[in-house]
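Let's have the full structure, built from the sequences with the hints guiding it.
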Amino acid sequence: MTQSTESLQPDNGQFWAEAALSRSACYRRTAVAQPMLAAGGQQLPERFDPQDVERAKKAGVLDLSGLLRAGYRGAGTPELLGNAGLPIPARPNLAAAGADGDWVLRLSNTEYWLLGSLTNRGETLAKLPGLDACDSGCLDATPDACYPLFCMDSHGWLMLTGEHVSDVMAKLCGVDLREEAFPLGSIAQTSLARINGIIVHQEINGLTAYSILCDNASTDYLWTALIDAVQEFDGGPVGLASVVG
Amino acid sequence: MKIMPCPLNGPRNISEFTFGGEVTPLPDVASAPDSEWAEHTFYSYNGTGVAREWWYHVPSGYWFVAERHRVTDEILRTYDPSELPADALNNQQEAFQ
Numbered sequence: 001m002t003q004s005t006e007s008l009q010p011d012n013g014q015f016w017a018e019a020a021l022s023r024s025a026c027y028r029r030t031a032v033a034q035p036m037l038a039a040g041g042q043q044l045p046e047r048f049d050p051q052d053v054e055r056a057k058k059a060g061v062l063d064l065s066g067l068l069r070a071g072y073r074g075a076g077t078p079e080l081l082g083n084a085g086l087p088i089p090a091r092p093n094l095a096a097a098g099a100d101g102d103w104v105l106r107l108s109n110t111e112y113w114l115l116g117s118l119t120n121r122g123e124t125l126a127k128l129p130g131l132d133a134c135d136s137g138c139l140d141a142t143p144d145a146c147y148p149l150f151c152m153d154s155h156g157w158l159m160l161t162g163e164h165v166s167d168v169m170a171k172l173c174g175v176d177l178r179e180e181a182f183p184l185g186s187i188a189q190t191s192l193a194r195i196n197g198i199i200v201h202q203e204i205n206g207l208t209a210y211s212i213l214c215d216n217a218s219t220d221y222l223w224t225a226l227i228d229a230v231q232e233f234d235g236g237p238v239g240l241a242s243v244v245g
Numbered sequence: 001m002k003i004m005p006c007p008l009n010g011p012r013n014i015s016e017f018t019f020g021g022e023v024t025p026l027p028d029v030a031s032a033p034d035s036e037w038a039e040h041t042f043y044s045y046n047g048t049g050v051a052r053e054w055w056y057h058v059p060s061g062y063w064f065v066a067e068r069h070r071v072t073d074e075i076l077r078t079y080d081p082s083e084l085p086a087d088a089l090n091n092q093q094e095a096f097q
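Just so you know, the protein sequences line up as chains A and B, in that order.
For the record, in the first sequence the residue sitting at position 33 is 33 according to my numbering, with numbers rising by one throughout.
For the record, in the second sequence the residue sitting at position 64 is 64 according to my numbering, with numbers rising by one throughout.
Hint data in this document are derived by calculation from the structure and do not stem from the laboratory.
Even for Gly, the Cβ is constructed at its ideal location relative to N, Cα and C.
Errors might be hidden in some of the hints.
[What the hints assert, rightly or not] Every beta carbon over 12 Å from chain A, so not counted as near; a handful from chain B, in silico:
{"#": "1", "residue": "ASP28"}
{"#": "2", "residue": "SER31"}
{"#": "3", "residue": "GLU36"}
{"#": "4", "residue": "ALA38"}
{"#": "5", "residue": "TYR43"}
{"#": "6", "residue": "ASN46"}
{"#": "7", "residue": "VAL50"}
{"#": "8", "residue": "VAL71"}
{"#": "9", "residue": "ALA86"}
[Claimed, not checked] Covered stretches of chain B (chain A as the covering partner; in silico rule of three or more C-beta atoms under 8 Å from a C-beta of chain A):
{"#": "10", "segment": "7-17"}
{"#": "11", "segment": "52-61"}
[Stated by the list, open to error] Just the calculated beta-carbon pair ranges, DEER-fashion:
{"#": "12", "chain 1": "B", "residue 1": "VAL58", "chain 2": "A", "residue 2": "ALA99", "range": "29 to 39 Å"}
{"#": "13", "chain 1": "B", "residue 1": "ILE14", "chain 2": "A", "residue 2": "THR224", "range": "25 to 35 Å"}
{"#": "14", "chain 1": "B", "residue 1": "TRP54", "chain 2": "A", "residue 2": "PHE150", "range": "24 to 34 Å"}
{"#": "15", "chain 1": "B", "residue 1": "VAL58", "chain 2": "A", "residue 2": "GLU180", "range": "22 to 32 Å"}
{"#": "16", "chain 1": "B", "residue 1": "VAL29", "chain 2": "A", "residue 2": "ALA31", "range": "51 to 61 Å"}
{"#": "17", "chain 1": "A", "residue 1": "SER22", "chain 2": "B", "residue 2": "PRO5", "range": "37 to 47 Å"}
{"#": "18", "chain 1": "B", "residue 1": "GLU22", "chain 2": "A", "residue 2": "THR224", "range": "35 to 45 Å"}
{"#": "19", "chain 1": "B", "residue 1": "PRO25", "chain 2": "A", "residue 2": "GLU18", "range": "29 to 39 Å"}
{"#": "20", "chain 1": "A", "residue 1": "GLU180", "chain 2": "B", "residue 2": "GLY61", "range": "23 to 33 Å"}
{"#": "21", "chain 1": "B", "residue 1": "THR18", "chain 2": "A", "residue 2": "ALA145", "range": "27 to 37 Å"}
{"#": "22", "chain 1": "B", "residue 1": "GLY61", "chain 2": "A", "residue 2": "SER22", "range": "20 to 30 Å"}
Dropping the structure here:
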């Protein structure tokens, strides 16, 4: 998708809903942000206001639901990851970053989820095979015993950033997510704010970041829960530009 | 809150789990009479001792086996179903008494 952000806006500065291929489940919460497009044509919030960067350093909440993510399950998945030049985490509940900034999450012995790079807005993942759910031949595109999972359609993706991420999570989740118990690259599949979610400890441009993947239907609720939780740390919503510069 | 040690995810609140019933052998689908299916479907062991049970960790979609004492409710051991002993699905009640 080569469309520029400028061309997506009518005269009154509003973003046309039709301009993006799809929107996040909590798009109403980020409607005031300057929009941008991911590699696949989905809508992402680029910037809320000039204080984005400051909030991102304390406790930012970023809606990345429009950014490409994918999943594969089966014994043949390491072959696919190897062919794509992506890392293979050593054991379940570990995550590893690829050269382009994509992340590979190992959720069980044979299930892997991939999170698109914030820097290139998911361009690398868009080249992976079998990700078009409408393509009846999607299974033929992957190695034997490697089955695509369409987690982009089933799960939303929110990200908490900044120095207070573990303090914020302590208010929402019963699992110890402090740095010493939950180091970089750890994954916790657990309950947070009374819904199920996958929490990943990442680092984006030197900034601590916890990605949270939850059911699409719960994403809007989780957004409100996170925004409420970051208030005491002077945090709030942030756009993608505040994290990737 | 009671804590369940999940073999995949580590210790978690019991509210994250769903009970899946005892680990019992499936009747022969081709030849088992109705009475055997009724026994399998509707009846469960009601004594004391150690139970071997299916449990499901909902956030990660993971089924595993837990051994729990029916009197103390203590969870003695949890493990992946691939570690079930070969005779686990046969005569399990006798094996635990």
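Please verify that the nearest CB of chain A lies beyond 12 Å from B/ALA38's CB. Answer for B/ALA38: holds, closest chain A Cβ roughly 35 Å.
Within 8 Å of chain A (C-beta), three or more residues of the segment 7-17 of chain B: holds (count 6)
Going by Cβ atoms, does B/VAL71 stay more than 12 Å from chain A at every point? 28 Å, holds
Classify the label on B/ALA86 as holds or violated, using whether its beta-carbon is more than 12 Å from each beta-carbon of chain A. Answer for B/ALA86: holds, closest chain A Cβ roughly 21 Å.
Holds or violated: is the Cβ of B/SER31 farther than 12 Å from all Cβ atoms of chain A? Holds, because the least Cβ-Cβ distance between B/SER31 and chain A comes to about 33 Å, which exceeds 12 Å.
Range hint 27 to 37 Å (beta carbons of B/THR18 and A/ALA145) holds or violated: 28 Å, holds
Status of B/TYR43, Cβ more than 12 Å from any chain A Cβ: 33 Å, holds
Non-interface claim for B/ASP28: all C-beta distances to chain A beyond 12 Å? 30 Å, holds
In this structure, is the beta-carbon distance linking B/VAL29 and A/ALA31 contained in 51 to 61 Å? Holds, at about 55 Å.
Taking 25 to 35 Å as the hint, is the beta-carbon distance of B/ILE14 and A/THR224 inside that range? Distance hint for B/ILE14, A/THR224 holds at roughly 27 Å.
Range hint compliance [Cβ, B/TRP54 to A/PHE150, 24 to 34 Å]: 28 Å, holds
With d taken as the least Cβ-Cβ distance between B/ASN46 and chain A, does d exceed 12 Å? 32 Å, holds
In the structure shown, a violation is registered for the earlier hint numbered 19 alone.
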